[in-house]
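There are 2 protein chains.
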Amino acid sequence: MKLYDAAASGNCHKVRMMLSMLGIEHEVVPMNLPGMDQKTPQHLARNPLGTVPVLEDGDLTIYDSQAILVYLAGKYGNESWLPADPADQAAVQQWLSFAVNELWNGPAIARAKLRFNRDVDLPRAQALAADVLTIMDDRLTGRDWLALDHPTIADIACYPYSALSEEGEITLAPYKALGAWFKRIEALPGYVAMPGLGA
Amino acid sequence: MKLYDAAASGNCHKVRMMLSMLGIEHEVVPMNLPGMDQKTPQHLARNPLGTVPVLEDGDLTIYDSQAILVYLAGKYGNESWLPADPADQAAVQQWLSFAVNELWNGPAIARAKLRFNRDVDLPRAQALAADVLTIMDDRLTGRDWLALDHPTIADIACYPYSALSEEGEITLAPYKALGAWFKRIEALPGYVAMPGLGA
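Which chain is which? The protein sequence lines are A and B, in order. Sequence positions in the first sequence follow this note's numbering and run 3 to 201. Sequence positions in the second sequence follow this note's numbering and run 3 to 201.
Worth flagging that the hints you see were computed from the coordinates, not collected in a lab. Since the structure is predicted, the reported quantities are computational estimates derived from the model, not experimental observations. Wrong hints could be hidden among the right ones.
Stated by the list, open to error - The calculated EDC-like cross-link candidates involving lysine to aspartate or glutamate, where the alpha carbons are at most 16 Å apart (straight line), are:
| hint | chain 1 | residue 1 | chain 2 | residue 2 |
| --- | --- | --- | --- | --- |
| 1 | A | 41 | B | 133 |
| 2 | A | 77 | B | 133 |
| 3 | B | 77 | A | 188 |
| 4 | A | 77 | B | 87 |
| 5 | A | 77 | A | 59 |
| 6 | B | 4 | B | 59 |
| 7 | B | 77 | A | 90 |
| 8 | B | 185 | B | 139 |
| 9 | B | 185 | B | 133 |
| 10 | B | 41 | A | 58 |
| 11 | A | 4 | A | 58 |
Kindly generate the complete structure, drawing on both the sequences and the hints.
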C-alpha cells in the first residue's frame, strides 16, 4: 500500500492516523506541494482534483481523505470504526460532511492563508471557524465522541483541522469539551502526532 | 417520516429525489429560509448547523443531505444505491465529498449569489465551477454513472447543483457527457423535477 502524502497536510494526517491505528504497513511517497507535485499529469491521473492524500492499494486508487478512511475502516478495520447500521452510518456521515465543508472552509482555510499564504478570505474563514468550533464543543459537552459512543472515522476526520486551529490564529481556549476530546484522540492506541498536533 | 424542506434548495432536492425513487411515504414541512425558519431554537435543536434538509424517522433525526442519502439507501434501498464493499463505498464517498466541497463552493455558491443574493465571492465561485464541471464531464466521458457501473447515491448527491449551474450564470453547453448524464438521471424511475431542473 502506498500513500501520496504531504507532512503539513491535515487531510493527509487523517490517513496517517488511521493507517497507524489499524497497524497497516505502507510506503509513504512525499509530495512537494509548493513545487506542485500534486498537479503533474501522473498525479492528476491518480486524482483529477490534484490534491493529497491519495492511497494506492494494489490496483485500487482512492483520493479524498474521507473516502480513504471509509475504505481503510471497511477493509482493514473492525466494524466499530464505521458501523454497517444505517442510522450509525448516517451519524458518521454527518461528521464526514462537516469535515469536508465546515472544517475546511473555516479553520483549514484560515490556516492555509497564514501558513501557506493561500489566496483566501481570512476574516470570513476565521468567523466561520468560531461557529464551527462552537458546534463541535456543544456536541462534545457530555459525550466522548462525535458520532457514536465510541471512536469512529468521524472523529479521525474532524480532528486535524480543528486541533490545528491556532495555526489559523483562532484561539482554542474557550472550547473546553473540544480540548478534552483532543486529549482522548491523542490517547488512542496508534495515535501519531504531526507538527502542531499532539505535542 | 418527516422532511424539513425548502423548494428552492438543491440539497433538499437530493432527498426529495431519493424518497421518491425509493417510494417512501413522507410528510413535507416547508421551511421559509428568507424568514429564517432554519435558525429557530426548535430547528437548531434538530440541526445545529441551522440548515435544511433535516429528516425525522421515528425518534431519529438526521441532517446533512449526504447523511440522509446514506440512511435512506441503507435502511430502505437495496444494496445497489450504496454497496457494502469497502472499495465501492469509497468510490461513492469520493463523490459525496465532491458534492459537499467542490459542487457547493463552485456552482451552488454562484447560484446562491445570483438567486438569493448571498454575500459570497461570485467570480471565485464561477471559476471553481468551471473546473468542477470539467472534472465531472471528464469522469462521465465513456461511463454512465459517477462512482460505479450503476446509479448510486453519488449520482443523486452530485446532480442538483451541477444541473442548476446556469442559475449561477455558468454555461453547461461545453459539457456534453455531463448533459447526457443529466438525462440518464432524469430518466430514472421515480425521478422528480424542481424549478430549473428536469423541465
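* To do: Quickly compare the C-alpha distance for residue 41 of chain A and residue 133 of chain B to 16 Å and report which way the hint goes.
  => Holds. Residue 41 of chain A to residue 133 of chain B sits at ~14 Å (cutoff 16 Å).
* Sort out whether residue 58 of chain A lies within 16 Å of residue 4 of chain A, counting only the CA atoms. => Holds, at roughly 5 Å.
* Asked: Taking 16 Å as the top limit, are the C-alpha atoms of residue 77 of chain B and residue 188 of chain A close enough?
  -> Between residue 77 of chain B and residue 188 of chain A the Cα gap is close to 34 Å, so the pair fails against 16 Å, i.e. violated.
* residue 77 of chain A and residue 133 of chain B: Cα distance at most 16 Å? -> Outside the cut-off at roughly 32 Å; violated.
* Starting from residue 4 of chain B, check that the Cα of residue 59 of chain B is at most 16 Å away, please. => The given pair, whose Cα atoms are some 7 Å apart, holds under the 16 Å limit.
* Asked: Straight-line Cα separation of residue 77 of chain A and residue 59 of chain A no greater than 16 Å?
  -> Holds, at roughly 11 Å.
* To do: With a cut-off of 16 Å on the C-alpha distance, tell me whether residue 77 of chain B and residue 90 of chain A pass.
  => 11 Å, holds
* Is the hinted pair residue 185 of chain B and residue 139 of chain B satisfied, with a Cα-Cα distance of at most 16 Å? -> Satisfied, since the Cα-Cα distance of roughly 14 Å is no more than 16 Å.
* Does residue 41 of chain B pair with residue 58 of chain A here, judged by a C-alpha cut-off of 16 Å? -> 43 Å, violated
* Asked: Are the Cα atoms of residue 77 of chain A and residue 87 of chain B separated by 16 Å or less?
  -> With Cα atoms ~8 Å apart, residue 77 of chain A and residue 87 of chain B stay inside 16 Å; holds.
* To do: Please work out if residue 185 of chain B and residue 133 of chain B have their alpha carbons no farther apart than 16 Å.
  => Violated - the C-alpha atoms of residue 133 of chain B and residue 185 of chain B are around 21 Å apart, more than 16 Å.
Hints 2, 3, 9 and 10 from the earlier list are contradicted by this structure; the remaining hints agree with it.
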